[in-house]
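Participant: Chains as they are written, first to last, in the numbering used here: chain A, 1 to 363; chain B, 1 to 363; chain C, 1 to 326; chain D, 1 to 326.
Hints were generated in silico from the structure; no laboratory data involved.
Mixed in with the good hints, there may be bad ones.
[Stated by the list, open to error] Cross-link-like lysine-lysine pairs, in silico, PhoX-like; alpha carbons within 25 Å at most:
(1) Lys360/B to Lys317/C
(2) Lys253/B to Lys50/D
(3) Lys253/C to Lys350/A
(4) Lys253/B to Lys195/D
(5) Lys253/C to Lys203/C
(6) Lys50/D to Lys203/D
(7) Lys253/D to Lys350/B
(8) Lys360/B to Lys203/C
(9) Lys195/D to Lys181/D
(10) Lys360/B to Lys334/B
[Claimed, not checked] Ranges between beta-carbon positions, derived for each pair:
(11) Glu230/D to Leu282/C: 20 to 30 Å
(12) Thr321/D to Val312/C: 34 to 44 Å
(13) Glu51/D to Asp338/A: 52 to 62 Å
(14) Ser276/A to Ser91/B: 41 to 51 Å
(15) Thr321/D to Lys350/A: 15 to 25 Å
(16) Gly188/C to Ala179/D: 52 to 62 Å
(17) Ser225/C to Lys350/A: 46 to 56 Å
(18) Glu11/B to Asp274/A: 36 to 46 Å
(19) Ser225/C to Glu354/A: 45 to 55 Å
Backbone N, C-alpha and C define an ideal beta-carbon position, used for all residues, glycine too.
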Amino acid sequence: MITSAPYQFSELAQFHVHRLQFMNEQSELTQALPAFATDETLLELYRLMCFTRSGDEKAVNLQRTGQCGTYPASTGQEAISTGIGHAMADSDVFCPYYRDQGTLLQRGVRWEDIYTYWGGDEAGNLIPEAVNTHDFPVSVPIASQFQYAAGIAFAMAYRGESNAVVATGGEGSTSEGDFHEALNLAGTHQLPLVVVINNNQWAISVPRDSQTSSQTIAQKGIAAGVDCLQVDGNDVIAVREAVALALEKARSKGGPTLIEALSYRLCDHTTADDFSRYADEAHLKAAKEHEPIARMRRYLTEHHQWNDDKENALLSDLNSHVQEAAQTYLNRSKPKIDDMFNHMYAHLPKELEEQRELAKEGY
Amino acid sequence: MITSAPYQFSELAQFHVHRLQFMNEQSELTQALPAFATDETLLELYRLMCFTRSGDEKAVNLQRTGQCGTYPASTGQEAISTGIGHAMADSDVFCPYYRDQGTLLQRGVRWEDIYTYWGGDEAGNLIPEAVNTHDFPVSVPIASQFQYAAGIAFAMAYRGESNAVVATGGEGSTSEGDFHEALNLAGTHQLPLVVVINNNQWAISVPRDSQTSSQTIAQKGIAAGVDCLQVDGNDVIAVREAVALALEKARSKGGPTLIEALSYRLCDHTTADDFSRYADEAHLKAAKEHEPIARMRRYLTEHHQWNDDKENALLSDLNSHVQEAAQTYLNRSKPKIDDMFNHMYAHLPKELEEQRELAKEGY
Amino acid sequence: MTAITLIQAINQAMAYALKHDPDTLVFGEDVGHNGGVFRATDTLQERFGKERVVDTPLAESMIAGMAIGMASYGLKPIAEFQFMGFIYPAFNQIVSHAARLRNRTRGRLHCPLVFRAPYGGGIHAPEHHSESTEALFAHIPGLRVVIPSTPARAYGLLLAAWQDPDPVLFLEPKRIYRALKQEVPDDGKALPLDKAFLVREGKDLTLISWGACMQETLQAAQSLSQQGVESDVIDLASISPIDMETILNSVTKTGRCMIVHEAARQGGVGADIAARLAEEALCYLRAPVVRVTGYDTTMPYMALEKQYMPSVQRILKHAQTVMEFA
Amino acid sequence: MTAITLIQAINQAMAYALKHDPDTLVFGEDVGHNGGVFRATDTLQERFGKERVVDTPLAESMIAGMAIGMASYGLKPIAEFQFMGFIYPAFNQIVSHAARLRNRTRGRLHCPLVFRAPYGGGIHAPEHHSESTEALFAHIPGLRVVIPSTPARAYGLLLAAWQDPDPVLFLEPKRIYRALKQEVPDDGKALPLDKAFLVREGKDLTLISWGACMQETLQAAQSLSQQGVESDVIDLASISPIDMETILNSVTKTGRCMIVHEAARQGGVGADIAARLAEEALCYLRAPVVRVTGYDTTMPYMALEKQYMPSVQRILKHAQTVMEFA
Ligand SMILES: Cc1ncc(C[n+]2csc(CCOP(=O)(O)OP(=O)(O)O)c2C)c(N)n1
Ligand SMILES: Cc1ncc(C[n+]2csc(CCOP(=O)(O)OP(=O)(O)O)c2C)c(N)n1
Ligand SMILES: [Mg+2]
Ligand SMILES: [Mg+2]
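Isolated chain A, as found in the complex:
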């Protein structure tokens, strides 16, 4: 530290980074549950996490059988996306990255939409049942989503609305400049923006320690003067409550928040990846014991008479839902050459009209 030099340094500012948890890896409550966490809600959160995992599994299966493209599952991280989705109001806007299935499902995106998208058809982004038609599709270029999310938050503030934007990314995304620029805008204009970082400790094969030397990801908010917090990302209650607190603050003009949700990726980065090439076996084993679904199941079993029968019934219900979605996806008509042109512009320029006709004729 430069301040270890033998001079008098005056202190200008002090920052503290905190962590929130309600239920630990042994499924014990570490503090009283927040008000939202009724029996019913906990069961619902559990169901949503399982639904996410089922749908992910189906997607991987579709890909492995040549019926879908590259797919990013969220195995082990379902608490994060589920908690986010549950905390959001319909009037809030969601700017997802590609590992947010648990949120999407609560935003009116159906598994068939998700499969259509990753199956290689832009129509998967139409989201006919969207709870908010302003919700963005997945952002593939890492970290770029934070910028337009801040733009939407700016628009909300300009219009005096009392809603907010949630944008997500992985811990790898915090190395991109876009992340910092967007937080800085949000801080400067005290925008209603909540950024949630899914710290699954890997960016494809790059471990978190090769990504950044910051002690926490949460502290990256300090650079922009943005309030920050780490939550146990395997504790869906903590994620749900932290996002809700941040959204409330945002809606009441309290400004933006950066939330780091600490978890661990328990699957390949995508179906195009092979985790076993670089996995840290010891870490992986430890991480498996912290994973969110088992944690909640244990809690429900101990406190809410959850049992194998109920579990099997739930899984078979979710499974048949997912199968049906897959079938709907597979039955969809494939896009046609026109579709390439039709949505390039509101008014297709004459030049492109001509090209479309030629394309249809095979030129």
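For chain A, the structure is supplied; the task is to place chains B, C and D with the ligands on it using the hints.
Facilitator: Structure of chains B, C and D with the ligands alone, referenced to chain A:
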């Protein structure tokens, strides 16, 4: 604050931002001077600051009389660039922005080079008397310099050298993603990089508070896990010592440092700007009383028998030096059309050779 | 009505937009109290308030992303990049999002925004302040690129860009910001976005240009006329899409075509036009299609910028070759 | 010697560079232990150490800047962008610094670096993973752009890029990473950087292409041959600068020329070639210069990518027009 919610939050990390000063705005020492600050050195630093101001004035004058292009003076901020230059060793590499004349003069860049550059001729970047031929020219695209500076630091570390890189920018540059990405790389690989931010409280017409809501600029290092410090940027002793400490740390594998040097721009942003359109008169007046040259002059007068005669002798000496440099610049032969082509590639492609010939024939 | 300059026309168009649409915002670096480094947004903050004319932090990718988010949410952002040479940090946002959002969502979300940036050389500015890289954006499907060359066209095209439901990059030839004056009624009338302007008629030669180079091109046309060579002069204006109809109508008549632009030749927009002629008008061409352009070098600093940019003399020298070709 | 694929040849070239020059470093996202998402850097970290084959944080502008700094300081960086669609955050560093440093300092500093990126469609990848925007870089003076189309050319051109004292963007046609095998001796021999390859000879037609499209182009040439039309086929390879000599030699002979590329037509590199022909070979052209390219739309997601990319059939359809033109 999100942590004002009625839950238990555990503390993960704590950060403190400190400030260093040796001489206050009344020219009083606020603590014992560091070892380097002999009478001789203080006089030398004073001379260098005055030299910077003289040369800047001449440049503005050349521009006003149509003999030079747009020019960014550093009036009021001479302590920063002077302190940096004095702290650097020849073997260190400097990656400047455009308001670092006080450093450049100590890196072997002559006023005639500076005038040639801002006069619109790339030859100004040749720097025949450079103390280190790896020093970069001015970076015009804001914040881009931090990235290649980190690259040079990476190269030094790779080679096991014991030198370091200093890169500079304005506080506006800290809003650009490049700034954060470079710091993050430096943190992750503990690179020998010192970033000094000249916080002159304006980015052209945009005041510091519209630039960011962070309490200090220094704290932006926390995001990258990079050690940080604010110095009184009008106290050349503090700047000199802070940069020296950071360089020492960097050379001994202690990693990067971010230094915020807090000062105030006392001139137009560049000759193309009109400060009076947006100046905050009260601030400006207050700032003038803190400026570094008067502060040091007062100190030297009180403690080192500085007086008007010595002052006049110094200024007239500097002035004649600067006049001579200007004359050398004005006498330089202008670049020719060949110069546009000759340095595009080490081996000019045939295509471009042909173009060069055509260009010379007026095509 | 007093005659106004090109930059005043731009200011007038933005004021019109701000006045008639509460969803319109103007933002960028120094566009607020300072009125922009060229004064394009002069007095706008004073007249329309700090909420609607906003100084942003210094980050171009952010400015672009901000505009995209706003536009997707129903606002009409007009964002300024201070110089075209500083648009590159925003390249990813523009190319990956602004240009693609409509298609990506099959029309669900779109980006009715305007990105403004002064471009081009000739004002004795420092490095990176004189770029002309419109071709980079013309290669990006989903984006419109527009360049005005007179005050009236600046006003009408900026309003058109503002009204258009898709993203438009509006590049302003800063060399002629104050070079010409015209009476430009503040009537809110937009010009068509994807049309070129035939600004002079002649049967012997087609000259195509845009932006500041229209000055040299028109002067060359006048000189040629004195030598008995009458030119069609086309102000391309819409750089993407390209109005090939207007161009083909002219070139099939004249059989000779020159394209004048300030950008480097290789990969410049002139290449597209010449390529289209080689494909669609080959039999009409009575002489090689010649491009008079910047050289394939970096735009030099100001000491050499004049030598880089197409001059009237250079155009005339090439015209001689074209006209003498048989 | 066993035959190797294009990606193995790239790996072999990097291994050669690492082995023979301690100043060479390879870095990028996932290039280390994982060996790159396509395995281009497979085993390199194991063989040459973590200091020389480095996983970087996830930031492309940083990767580019890192390379520039290293290169200016005397190292020989080979930096990978994971996909061409993610190069845009680095655009500013590449355009404003890598391409300009030598000229900016009149030769004092320079940038002997290689930027590698897989590009192009056809591997059923998600959005942004299938781009072909080489033209954006071909418009930037000071940068070389190179695209190999066979294992041997990949090896020889990558070594040439590595040896070159200037920045080279080396784009890898990922669709054919594993499609062809060739024996490629690991002899460290570089191919010339600014030469096109005439890979098939014929008197009737000139076909110009590069990268993965060379496959379809060669197949089309074969079909045409069966119909009695003999083609010169040129692998452009050096996208910038363009080897016009080889092209002109061929087209002045055949009088007919088609250019095939995957990128969008407007602003594509094909435009440059056609424009040069319209200027320098007009009198030799016996038919319109036709470009068979991607459409002027966003590269579609995988369900439509096949329809977007030039197919053998599309090339043949256009060839018929060109050959029948009289
Ligand atoms: C700008 C950009 N660069 C590179 C990639 C390729 N890529 C896709 S995912 C990924 C890793 C992301 O890691 P992280 O942000 O931690 O998210 P995670 O996948 O772990 O959830 C990379 C490098 C990309 N999509 N966008
Ligand atoms: C990428 C980029 N964007 C915009 C500009 C135009 N510009 C030049 S200086 C400046 C303000 C810089 O402010 P700051 O970083 O605080 O440095 P200062 O000039 O105050 O020393 C701007 C916006 C630029 N040079 N580069
Ligand atoms: Mg991750
Ligand atoms: Mg400043």
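Participant: For each hint, tell me whether it holds in the structure or not.
Facilitator: How the hints compare with the structure:
no., hint, verdict
1, Lys360/B to Lys317/C, "holds, 13 Å"
2, Lys253/B to Lys50/D, "holds, 18 Å"
3, Lys253/C to Lys350/A, "holds, 22 Å"
4, Lys253/B to Lys195/D, "violated, 46 Å"
5, Lys253/C to Lys203/C, "holds, 7 Å"
6, Lys50/D to Lys203/D, "violated, 53 Å"
7, Lys253/D to Lys350/B, "holds, 22 Å"
8, Lys360/B to Lys203/C, "violated, 32 Å"
9, Lys195/D to Lys181/D, "holds, 23 Å"
10, Lys360/B to Lys334/B, "holds, 15 Å"
11, Glu230/D to Leu282/C: 20 to 30 Å, "holds, 22 Å"
12, Thr321/D to Val312/C: 34 to 44 Å, "holds, 40 Å"
13, Glu51/D to Asp338/A: 52 to 62 Å, "holds, 53 Å"
14, Ser276/A to Ser91/B: 41 to 51 Å, "holds, 46 Å"
15, Thr321/D to Lys350/A: 15 to 25 Å, "holds, 21 Å"
16, Gly188/C to Ala179/D: 52 to 62 Å, "holds, 57 Å"
17, Ser225/C to Lys350/A: 46 to 56 Å, "violated, 32 Å"
18, Glu11/B to Asp274/A: 36 to 46 Å, "holds, 39 Å"
19, Ser225/C to Glu354/A: 45 to 55 Å, "violated, 35 Å"
Hints 4, 6, 8, 17, 19, counting from the list given before, are not met by this structure.
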